[in-house]
Amino acid sequence: GENVEQHPSTLSVQEGDSAVIKCTYSDSASNYFPWYKQELGKGPQLIIDIRSNVGEKKDQRIAVTLNKTAKHFSLHITETQPEDSAVYFCAADPPGGSQGNLIFGKGTKLSVKP
Amino acid sequence: ETGVTQSPTHLIKTRGQQVTLRCSSQSGHNTVSWYQQALGQGPQFIFQYYREEENGRGNFPPRFSGLQFPNYSSELNVNALELDDSALYLCASSFRTGGDNEQFFGPGTRLTVL
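Sequence lines, in order, name chains R and X.
Residues 1 to 114 (the numbering used here) make up the first sequence, in order.
Residues 1 to 114 (the numbering used here) make up the second sequence, in order.
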């Protein structure tokens, strides 16, 4: 079945710098890749997603890139702010079975220092 | 904030007891997925409900069961609780179409098994 690996597990940046989180997946047939932000004591919040027919997607300071050949996708946050501090999860939605069976990475704890 | 609500927010049970967790989906959504999130890990898919029927299941034993009601709300039941069941239980709602479904998570129920 699908396996998602996420790196790094922790990331510390200065306010204003960029942050990059990378994920790899194993099932080449997976076709939907969302990213979630989880703040302490809250549920995961969908921040951006990408589908396999697109190589890049951007939403203000957040962008996601997808390399289907290499089976990896990345989250890029530019001009980081202290409120970006949270745990970020990547996920893949493998084909077959039920829709919505997201397979998550183990998370990246991002700390943005003012 | 999503429109997904969960109750209760916190729960303490002892080993061997049974527990019921509740989820109200976001308005307009017809599908509910349940996830278990252990401390420091990504969410793990338990099962999904669509049209009041289980529509896919992860690697969880039969003592994890659920229901979906005509108003699309859902319950997660866990029998014979074990210490390892201590976790954050998340529900996510989505609108099932023929393609990929964006999932929106609730705040979760923190279950502690003593």
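Don't read these hints as lab results, they were simulated from the structure.
Nothing here was measured: the structure is a model prediction, and the numbers come from that model.
Treat the hints with care, as some may be off.
[Claimed, not checked] Calculated lysine to any residue pairs in the SDA-like style (CA-CA distance at most 25 Å, straight line): (1) Lys42(R) / Ala38(X); (2) Lys13(X) / Gly41(R); (3) Lys57(R) / Phe95(X); (4) Lys109(R) / Ala87(X); (5) Lys42(R) / Gly40(X); (6) Lys42(R) / Asn77(X); (7) Lys106(R) / Leu88(X); (8) Lys106(R) / Gly40(X); (9) Lys106(R) / Gly58(X); (10) Lys42(R) / Asn30(X); (11) Lys58(R) / Glu102(X); (12) Lys106(R) / Gly56(X); (13) Lys42(R) / Leu83(X); (14) Lys113(R) / Gln44(X); (15) Lys71(R) / Gln41(X); (16) Lys106(R) / Gly28(X); (17) Lys37(R) / Ala38(X); (18) Lys37(R) / Pro107(X); (19) Lys71(R) / Val113(X); (20) Lys106(R) / Pro107(X); (21) Lys37(R) / Thr112(X); (22) Lys71(R) / Gly28(X); (23) Lys37(R) / Lys13(X); (24) Lys106(R) / Phe64(X); (25) Lys106(R) / Val113(X); (26) Lys42(R) / Gln26(X); (27) Lys37(R) / Pro61(X); (28) Lys106(R) / Leu83(X); (29) Lys109(R) / Arg110(X); (30) Lys42(R) / Gly58(X); (31) Lys58(R) / Thr14(X); (32) Lys42(R) / Phe64(X); (33) Lys42(R) / Ala87(X); (34) Lys42(R) / Arg110(X); (35) Lys113(R) / Asn30(X).
[As the list claims (entries may be wrong)] Here are some of the chain R residues that sit facing chain X, going by a computed Cβ distance under 7 Å: (36) Lys42; (37) Gly43; (38) Pro44; (39) Phe89; (40) Asn101.
Note that beta-carbon positions come from the ideal geometry of N, C-alpha and C, so glycine has one too.
Hints versus structure:
1. Taken as a hint, the Lys42(R) and Ala38(X) pair is honoured in the structure, with Cα atoms around 14 Å apart against an allowance of 25 Å.
2. Pair hint Lys13(X) plus Gly41(R) holds up; C-alpha atoms about 20 Å apart against a cutoff of 25 Å.
3. Annotation: proposed proximity of Lys57(R) to Phe95(X) holds, straight-line Cα distance about 22 Å (limit 25 Å).
4. Between Lys109(R) and Ala87(X) the CA atoms are separated by roughly 19 Å; this keeps the pair inside 25 Å, and the hint holds.
5. With a C-alpha separation of about 14 Å, the suggested pair Lys42(R) and Gly40(X) falls inside the 25 Å cut-off, and the hint holds.
6. For a cut-off of 25 Å, the pair hint linking Lys42(R) to Asn77(X) stands: about 22 Å separates their Cα positions.
7. Using a Cα cut-off of 25 Å, the hinted pair Lys106(R) and Leu88(X) holds, with the two alpha carbons roughly 15 Å apart.
8. Distance check on the hinted pair: Lys106(R) and Gly40(X) sit about 8 Å apart at the alpha-carbon level, within 25 Å; holds.
9. Using a Cα cut-off of 25 Å, the hinted pair Lys106(R) and Gly58(X) holds, with the two alpha carbons roughly 17 Å apart.
10. Of the pairs offered as hints, the one joining Lys42(R) and Asn30(X) holds, with about 23 Å between alpha carbons and a cut-off of 25 Å not exceeded.
11. For the hint linking Lys58(R) to Glu102(X), the alpha-carbon distance of about 17 Å falls within 25 Å, and the restraint holds.
12. As the CA atoms of Lys106(R) and Gly56(X) are separated by approximately 22 Å, the hinted pair is consistent with the 25 Å bound.
13. With a CA separation close to 23 Å, the supplied pair Lys42(R) and Leu83(X) stays within the 25 Å bound.
14. In summary, the hint linking Lys113(R) to Gln44(X) is not supported, as the alpha carbons are separated by about 31 Å, beyond the 25 Å threshold.
15. A C-alpha spacing of about 22 Å is found between Lys71(R) and Gln41(X), which places the hinted pair at or below 25 Å, so the restraint holds.
16. Annotation: proposed proximity of Lys106(R) to Gly28(X) is violated, straight-line Cα distance about 30 Å (limit 25 Å).
17. Between Lys37(R) and Ala38(X) the alpha-carbon distance is near 16 Å, which keeps this suggested pair within the 25 Å criterion.
18. Only pairs whose Cα atoms come within 25 Å are accepted, and Lys37(R) paired with Pro107(X) is accepted, the gap being roughly 12 Å.
19. Simply put, Lys71(R) and Val113(X) have alpha-carbon atoms about 38 Å apart, too far for the 25 Å limit, and the pair is violated.
20. The suggested pairing of Lys106(R) with Pro107(X) holds, with an alpha-carbon distance near 19 Å, which does not exceed 25 Å.
21. A C-alpha spacing of about 24 Å is found between Lys37(R) and Thr112(X), which places the hinted pair at or below 25 Å, so the restraint holds.
22. Pair hint Lys71(R) plus Gly28(X) does not hold up; C-alpha atoms about 33 Å apart against a cutoff of 25 Å.
23. For the given pair, Lys37(R) sits about 29 Å from Lys13(X) by alpha-carbon distance, which is inconsistent with the 25 Å threshold.
24. Straight-line distance between C-alpha atoms of Lys106(R) and Phe64(X) comes to about 23 Å, which keeps the hinted pair within the 25 Å bound.
25. For the suggested pair Lys106(R) and Val113(X), the alpha carbons sit about 23 Å apart, so the restraint of at most 25 Å is met.
26. A hinted pair counts as satisfied when its Cα atoms are at most 25 Å apart, and Lys42(R) with Gln26(X) qualifies at roughly 16 Å.
27. Between Lys37(R) and Pro61(X), the direct Cα distance comes to roughly 29 Å. Violation of the 25 Å bound is thereby established for this hinted pair.
28. For a cut-off of 25 Å, the pair hint linking Lys106(R) to Leu83(X) stands: about 21 Å separates their Cα positions.
29. Restraint check: the Cα-Cα separation between Lys109(R) and Arg110(X) comes to about 20 Å, which is no more than 25 Å; the hinted pair holds.
30. For the suggested pair Lys42(R) and Gly58(X), the alpha carbons sit about 23 Å apart, so the restraint of at most 25 Å is met.
31. Proximity of Lys58(R) to Thr14(X) is assessed by CA-CA distance (about 47 Å); at most 25 Å being required, the pair is judged violated.
32. Taken as a hint, the Lys42(R) and Phe64(X) pair is honoured in the structure, with Cα atoms around 23 Å apart against an allowance of 25 Å.
33. About 13 Å separates the Cα atoms of Lys42(R) and Ala87(X), which keeps this hinted pair within 25 Å; it holds.
34. The suggested pairing of Lys42(R) with Arg110(X) holds, with an alpha-carbon distance near 11 Å, which does not exceed 25 Å.
35. The hinted pair formed by Lys113(R) and Asn30(X) fails the criterion: a straight-line CA distance of about 41 Å is larger than 25 Å.
36. At about 6 Å, the closest approach between the beta carbon of Lys42(R) and any beta carbon in chain X falls short of 7 Å, and the interface hint on this residue holds.
37. For Gly43(R), the suggested interface contact is upheld, since its CB lies about 4 Å from the closest CB of chain X, less than 7 Å.
38. Checking Pro44(R) against chain X by beta carbon gives a least distance of about 5 Å; that is within 7 Å, so the hint holds.
39. With a least beta-carbon distance of about 5 Å to chain X, the hint placing Phe89(R) at the interface is held under the 7 Å criterion.
40. Look at Asn101(R): its Cβ gets to within about 5 Å of chain X, closer than 7 Å, so that hint holds up.
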